[in-house]
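Engineer: Position 87 of the sequence shown, counted from 1, bears residue number 87 in UniProt numbering, the numbering being contiguous throughout.
Worth flagging that the hints you see were computed from the coordinates, not collected in a lab.
We treat Cβ as the ideally placed atom computed from N, Cα and C, and that holds for glycine.
Treat the hints with care, as some may be off.
As the list claims (entries may be wrong) - Ranges of calculated distance between the beta carbons of each label pair, as one might list FRET restraints:
hint : residue 1 : residue 2 : range
1    : S189      : T160      : 15 to 25 Å
2    : P96       : D167      : 31 to 41 Å
3    : F243      : A290      : 48 to 58 Å
4    : H171      : I270      : 20 to 30 Å
5    : A174      : Q36       : 32 to 42 Å
6    : S189      : F252      : 20 to 30 Å
7    : L275      : S189      : 43 to 53 Å
8    : Q182      : A290      : 43 to 53 Å
9    : K190      : D231      : 43 to 53 Å
10   : D134      : T160      : 23 to 33 Å
11   : I31       : H240      : 22 to 32 Å
12   : L239      : M271      : 22 to 32 Å
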Amino acid sequence: MQLFHRYKIEFHLEQNQSSCSISNLFQHPTIIHHAQRIQQSINTIHPLDDFAWSSLYLTQGKQNTRASFAQERIFLDEQIRFSSNKTTMNNMYVIPLLYRISSMNDHISTTRLYHALQSVITKHHILRTALYVDSNGHIVQHCVDANIILNDDMKFNGLTIFNLHNDDSHHINAVIGEILNQADLFDLSKGHVINYHILRHNQSNHSFSNNDDQLTEDDLILFTIHHAMFDGASTSIFLHDLFLAYQSNELFSIDDNSLQYIDYSIHEHIMDMTLSQEFWLLELKGCTLARQLSLPVDRQRSPTNQQRSGVASIAEI
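Generate the whole structure from the sequences, applying the supplied hints.
Structural biologist: As structure tokens, this is what we get:
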């Protein structure tokens, strides 16, 4: 799916290009076949400019807008399954990004890296977006002003520093597990959705460096980001912009016309799904939807007890 999406973005392919559909790519899985299919699509394609989404300028002021379908699913699932005091897992929807410093000669400044992270959070509004239930019972999102959520107090803004006592993998994993399970790791209602953690080895291992601001070889950097605001496809964008911000040591210039995730959420809710609905109605015509599917499961449902356990995941297509 990610590869197909990249093809569509890079080569401006339309949804209904039969020569470059998902099923077509599966049937012709080699790169040379993909190139041929893409070229066929390009030869018959119409520009997508007429369908381009644009910014709705919803990040200005204090406007609340409905959460995306994905955000609603994650928010509800987290509230229902993991808000109880009985659970031992506080953060089911945390995305950890762990990196080890590998260079012996080049060091990383924690302060400069933190300022680079601030710049990325300022640019990508989703990384400072609050998610909560409003007075009408709707799950809404609101972009928090950068001046409110960011300041020079690094500890206040999600920076924590841990000293590793040894290089034992079990010890390191235990420290990381402790971080990931912190009850106050996130606060969606206030837009606190990303953190920055330093796992530093004992300075005795790094006798050549007495600067507390510097990360040296084998030190670890851990970013923890809430899945309601971030996914696997976001990682490359995040790292690319973080690298640029660190190298330049300057804030990004803000483009108010850029499309933000909050704009996508609105477009997602108002887009015409008539053709999709007609397709699936035709595709599922004649199916007995009430009949249970014969799927391999690790436990059997009782033929008499049809009550649900409440432990489930709901997906909206």
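Engineer: So, for every hint listed, does it hold in this structure?
Structural biologist: Hint by hint, here is what the structure shows:
1. S189 to T160: 15 to 25 Å: For S189 and T160 the Cβ distance comes to about 21 Å; the hint holds.
2. P96 to D167: 31 to 41 Å: Hint violated: Cβ distance 20 Å, outside 31 to 41 Å.
3. F243 to A290: 48 to 58 Å: 53 Å, holds
4. H171 to I270: 20 to 30 Å: 51 Å, violated
5. A174 to Q36: 32 to 42 Å: Given a distance of about 51 Å, which is not inside 32 to 42 Å, the answer is violated.
6. S189 to F252: 20 to 30 Å: 27 Å, holds
7. L275 to S189: 43 to 53 Å: Taking Cβ atoms as reference, L275 and S189 lie about 37 Å apart, which means the hint is violated.
8. Q182 to A290: 43 to 53 Å: Holds - the Cβ-Cβ distance for Q182 and A290, about 44 Å, lies within 43 to 53 Å.
9. K190 to D231: 43 to 53 Å: Roughly 21 Å apart at Cβ, these two residues miss the hinted range, so it is violated.
10. D134 to T160: 23 to 33 Å: Since D134 and T160 have Cβ atoms about 31 Å apart, the given range 23 to 33 Å holds.
11. I31 to H240: 22 to 32 Å: The hinted range 22 to 32 Å holds for I31 and H240, with Cβ atoms some 24 Å apart.
12. L239 to M271: 22 to 32 Å: Hint holds: Cβ distance 30 Å, inside 22 to 32 Å.
Violation of the numbered hints given earlier is confined to hints 2, 4, 5, 7, 9; the remaining hints are satisfied by the structure.
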